[in-house]
Amino acid sequence: MDHATADLKEFITDLVMPHQRCNVNIISDHITMLDGTKIKKQHTRKRRAHKSATLNRREYAKLGLNTLPTRQMKYEDALPLNSLWKGYIQEHLGLREGDQVPQVHDSRYEEFSKQLVKMDLHGAQLTVIQSKCKTLEGLHGICVMDTKNILKLLGLDHRIRSIPKSECVFGLKVGNMDFTIFGQHLNIRPAERSVKKIKSYVEPFK
Amino acid sequence: MTKDIKRKLLAQQQVFSRMNFLFQAAHLMADREQPKLAAYYGKLCRNVGTKAVMHMAPAVKRQLCRRCSLPLIPGRNTELQLEEKSTEIKPKKKRNRRLKKKPNNDKREEAKSPLEPAPEIPKKTERIPVFLECSLCQSRRTFVPTESQRECWLEQPEAVVSEFSLREENGQ
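Line by line, the protein sequences give chains A and B.
Under the numbering used here, the first residue of the first sequence is numbered 1, with each subsequent residue one higher.
Under the numbering used here, the first residue of the second sequence is numbered 1, with each subsequent residue one higher.
Hints are computed from structural coordinates only; laboratory data are not their basis.
The structure displayed is predicted, hence computed values, not measured ones.
Worth double-checking, as some hints may not be accurate.
As the list claims (entries may be wrong) - In silico SDA-like pairs for lysine to any residue, Cα to Cα no more than 25 Å straight-line:
| hint | chain 1 | residue 1 | chain 2 | residue 2 |
| --- | --- | --- | --- | --- |
| 1 | A | Lys197 | B | Met54 |
| 2 | B | Lys51 | A | Glu110 |
| 3 | B | Lys6 | A | Val117 |
| 4 | B | Lys6 | A | Gly87 |
| 5 | B | Lys61 | A | Asp7 |
| 6 | B | Lys51 | A | Gly87 |
| 7 | A | Lys74 | B | Ile73 |
| 8 | A | Lys114 | B | Lys6 |
| 9 | B | Lys8 | B | Val53 |
Model the full structure from these sequences, guided by the hints.
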């Protein structure tokens, strides 16, 4: 016990006035250690901050969720997705059998075109009609992924190809309707597309 | 039914049908063993909901993994597993502390003492915690046995004030 308090005693005697130094006496029972265990509140807060319910972006990328394997998916796998999409688009646009595209002077034209912009493209059969890059022209496939700048098409040759939206013009067929989509105007995140306000008039090319 | 509600519902209907489609697509892809795409569609479904400030029904929402939004289908991409006895007490304690913010005092005491709840369980009908482990992100969805059947408020019949159906309006 003396050994442990010797350092302390020396330290304290240095601090005390010289003529009081002989009175310094350390009672080891009175020593209170300040570095104890943490209080409960701190513990719980730390644990809660550490464990997050959802994946953050880095973990998400680490699991490889941002990249898709290029050749592992078969075209046949995407066909049920396509048929699901067909049902969805009929519901979304309110189509019935044998409907035609409304003309510009039709009353429902404006609403129809607004719906058209907001539709989801996953599972749609798309064809690249026109592009700045000539090799992309004529590519055909089912869209499996839709990000801000890229569409991933699964072609008939079981390959997933990334196609930049902004440079291309896409063709889309729904029943007996043919649509031409200028990719430039699709450059919105897919989650935001259904909320975003759309101008009533847009230029096809800037 | 006022006109405002009608208009709001019609605007929401598009988002709902989109979320519905994405949820179905996620399930389809999970069934076809494409976990990445399934998680992507599930995540997108969730994001569309958050952007449009719209809620999925809690029972539907819980079908997606909490961390990576992969649809968990027991027997297809996950298995229902029993939790081991040693880890049995811990999640129970945690749940008590976090969820029951304003419980009775005696309940809180029960949670504090770790020895008490363990012998109590086997006395009554034996309840064993069960969990589903996500095959993609290894997070667990646990089903913790509790004596009090606390149900989600939205799932209780008193929570429903009135119902609107869009199908009739479309037909008109």
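Structure-based check of all given hints:
no.: 1; hint: A/Lys197 - B/Met54; result: 17 Å, holds
no.: 2; hint: B/Lys51 - A/Glu110; result: 24 Å, holds
no.: 3; hint: B/Lys6 - A/Val117; result: 22 Å, holds
no.: 4; hint: B/Lys6 - A/Gly87; result: 24 Å, holds
no.: 5; hint: B/Lys61 - A/Asp7; result: 63 Å, violated
no.: 6; hint: B/Lys51 - A/Gly87; result: 24 Å, holds
no.: 7; hint: A/Lys74 - B/Ile73; result: 22 Å, holds
no.: 8; hint: A/Lys114 - B/Lys6; result: 18 Å, holds
no.: 9; hint: B/Lys8 - B/Val53; result: 12 Å, holds
When held up to the earlier numbered hints, the structure conflicts with hint 5 and nothing else.
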